[in-house]
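Participant: Chains W and S are the protein sequences, given in the same order. Numbering of the first sequence is given in UniProt numbering, commencing with residue 1 and proceeding in unit increments. Numbering of the second sequence is given in UniProt numbering, commencing with residue 1 and proceeding in unit increments.
Hints listed in this document are in silico derivations from the structure and should not be mistaken for laboratory results. As the structure is a prediction and not an experimental result, all values here were calculated from the model. A portion of the hints provided could be inaccurate.
Pairs count within a copy or across copies, as identical chains cannot be separated in the list.
With a Cα cut of at most 16 Å, we get these calculated EDC-like pairs of lysine to aspartate or glutamate [as the list claims (entries may be wrong)]:
| no. | residue 1 | residue 2 |
| --- | --- | --- |
| 1 | Lys67 | Asp337 |
| 2 | Lys67 | Asp323 |
| 3 | Lys67 | Asp341 |
| 4 | Lys287 | Glu386 |
| 5 | Lys40 | Glu299 |
| 6 | Lys67 | Glu386 |
| 7 | Lys148 | Glu386 |
| 8 | Lys148 | Asp259 |
| 9 | Lys148 | Glu299 |
2 protein chains.
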Amino acid sequence: MHEPGAGPARDRRPPVDGGRAVSVTSAQGFRAAGVAAGIKSSGNPDLALVVNDGPRTAAAGVFTRNKVKAAPVLWSEQVLTSGALRAVVLNSGGANACTGPEGFQVAHATAERAAELLGCGAVEVAICSTGLIGAQLPRDTVLAGVEKAHGALAAGADAGTAAAGAIMTTDTVAKQADAVSEAGWRVGGMTKGAGMIAPSMATMLSVLTTDALLDAPELDAALRAAVRVSFDRLDVDGSMSTNDTVLLLASGASGVRPDPAEFTAAVTDVCRDLARQMQADAEGVTKRITVRVTGAATEDEAVVVARTVARDSLVKTALFGSDANWGRIAAAVGYSDAAVDPDRLDITVNGVPLCVGGVAAGGRTSVDLSGADILVAVALGLGEGEGEILTTDLSHAYVEENSAYPS
Amino acid sequence: MHEPGAGPARDRRPPVDGGRAVSVTSAQGFRAAGVAAGIKSSGNPDLALVVNDGPRTAAAGVFTRNKVKAAPVLWSEQVLTSGALRAVVLNSGGANACTGPEGFQVAHATAERAAELLGCGAVEVAICSTGLIGAQLPRDTVLAGVEKAHGALAAGADAGTAAAGAIMTTDTVAKQADAVSEAGWRVGGMTKGAGMIAPSMATMLSVLTTDALLDAPELDAALRAAVRVSFDRLDVDGSMSTNDTVLLLASGASGVRPDPAEFTAAVTDVCRDLARQMQADAEGVTKRITVRVTGAATEDEAVVVARTVARDSLVKTALFGSDANWGRIAAAVGYSDAAVDPDRLDITVNGVPLCVGGVAAGGRTSVDLSGADILVAVALGLGEGEGEILTTDLSHAYVEENSAYPS
């Protein structure tokens, strides 16, 4: 797995793990491109195309649960009912959300243009968009961008990295990962997302690819299991986007039918790797915080408690200030919608027990929070349920970025 | 009603409304005091005493729903089962939360000392605390403070204002209000609270007093109805405290039995006034935001939608930046746990329609957000349910105050 550094990096070279190139084109049967179509006024890359050259085109997707869904989400949910995708067109520079019938027409036309170029049907092309909500995408610019991207399609890590770069918004680094099975198949993937990240994903778009041989229902089961414990466990600011999309495309090019459990584990590994990269590159991040809850009545309750702590603005600002303010953590545990016995509550921060049995254990000033990684461990003493949420601190830079950037 | 200014004020003189003094001692039959007991290392006032001299001592209370409850909350909930209170001791400088049996003993001893001085039982004395969670209160300092406050007890607005000043933490101004009935009775009150403010109240302590003649069940009904549409509709940062307490004490000194509806309305007015003062003095506030939702299926769903928008960090940072970013509002509406039809969604900010029928209506740059007050109006077009939440923006000052202040 590729492990990113904490600080903002701007290196867009393909990450390399043990000599392998790591990207959405890692698996056999995939080509990609990332181009500057002119949607972003900055002139930065803003349109990506990922193509599955087969021999199979099985696919699965997971989408935002937001009731206000962007046009590309409505389009892609619809076309994915067939369980097959030949290609995905992704753009940054505009979310195409709250854009009405006109916005849906642009998504449809984008799929049609890609389909014409690839010689397939529009219903085999998914669309993903990210950027400002409420503005119409410039239709002709997008369609010309699809043609430009089609002309730039290539196999290999450079093409995958170009695609990953073209979907960035406030991301400072392209995010890619992969996993390799000794059985001869791979899973690769890319993602974007730096803010508006919360349960059931984020303003995040992610495309995963594999050359394993699987049917759509098998892909769907693996993807849902993976997302549940990876992207769904990342919560930067509690906000859920109108555009969240994770797609998994399978080319079958390896000819190998994988062990289902091994395949699910590999997809989960890639999703977790990408989630960690999003955490490390989140808007305004200065601390990467893991909230780990054990001893809950159930796994779901553990996640509820972890998410409540991870979202608490007072906890997040205290950790930004390197203050091991466990009282705020205890308060957040107490108002979560989960069973809590205050007399059994233990809170440990970076290995130092601060609260034992619901009472101060001392040591608050001895906790070293000078580093970028913070582990908040909450033990409820009620059962065997455990779970964790990845989050970030609430910093001046978060406020700055989100009060200035009209996303 | 006393209407506070937007900016932080440090005027602790009693507010005067139409020549009346407005305080927790406005109603007949009450004395109060606020003293510097030495709990706060700053030497600022930190202990308040409110005494009901009768002839009646009926009382009601509403407490935090946090499962981690401070010792004074556990004590006060217990003594209030009798429906009578002779006095309330309040301290700032320490929450006495997560302090175990030792903390409960301090609360108990505080009530006993006040009871000895007043010639009543300890079960007639409620205790309220606010400040850092997890530290033991200095028992002897608190008990000496109770004696000092007892010696300073007085009727009149100056005494009430001294009490209101002694419960301040990060508050910059003492918060008081009252209401007067032509029938001859009054309701007065004070509150504190500037952060950790959320549903089912906040790190807020509030004592309300009346000289109307009511029984405890009548007080309880009026108080719960009032809190539901006032303090419970203030949500600064989504965090719920371990210490929230609102008490209502009735002396019956006016000899007037009020009309129940008029009394409930008066208590509601006072609570709303105090809630607005807390909003105006919230930590780091630069904008006072009202999120008003209409057209929901039910009132509860309207409040759910309003609260989700009010808590969204991206909405709050955008409004801090005077950016009418309605797309973020639409996204928050969409992920709320309420029925939403995206095609019927209207969003209006400070009177300018920005989204109509789920689609951009233009005008985003024409919204004047330069003032301190912002009204976000969301119309769902589904039913008759409506409700509003008061909140504030998420500013640099909020981050600064909460990363530096170990509350």
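Participant: The structure should be examined with respect to each hint, and the outcome stated for every one.
Facilitator: Evaluated hints:
no., hint, in the structure
1, Lys67 <-> Asp337, "between (23 Å within a copy, 10 Å between copies)"
2, Lys67 <-> Asp323, "neither (37 Å within a copy, 24 Å between copies)"
3, Lys67 <-> Asp341, "between (35 Å within a copy, 7 Å between copies)"
4, Lys287 <-> Glu386, "neither (23 Å within a copy, 40 Å between copies)"
5, Lys40 <-> Glu299, "neither (42 Å within a copy, 42 Å between copies)"
6, Lys67 <-> Glu386, "neither (29 Å within a copy, 19 Å between copies)"
7, Lys148 <-> Glu386, "neither (48 Å within a copy, 50 Å between copies)"
8, Lys148 <-> Asp259, "neither (39 Å within a copy, 76 Å between copies)"
9, Lys148 <-> Glu299, "neither (47 Å within a copy, 52 Å between copies)"
Of the numbered hints listed earlier, those contradicted by the structure are 2, 4, 5, 6, 7, 8, 9.
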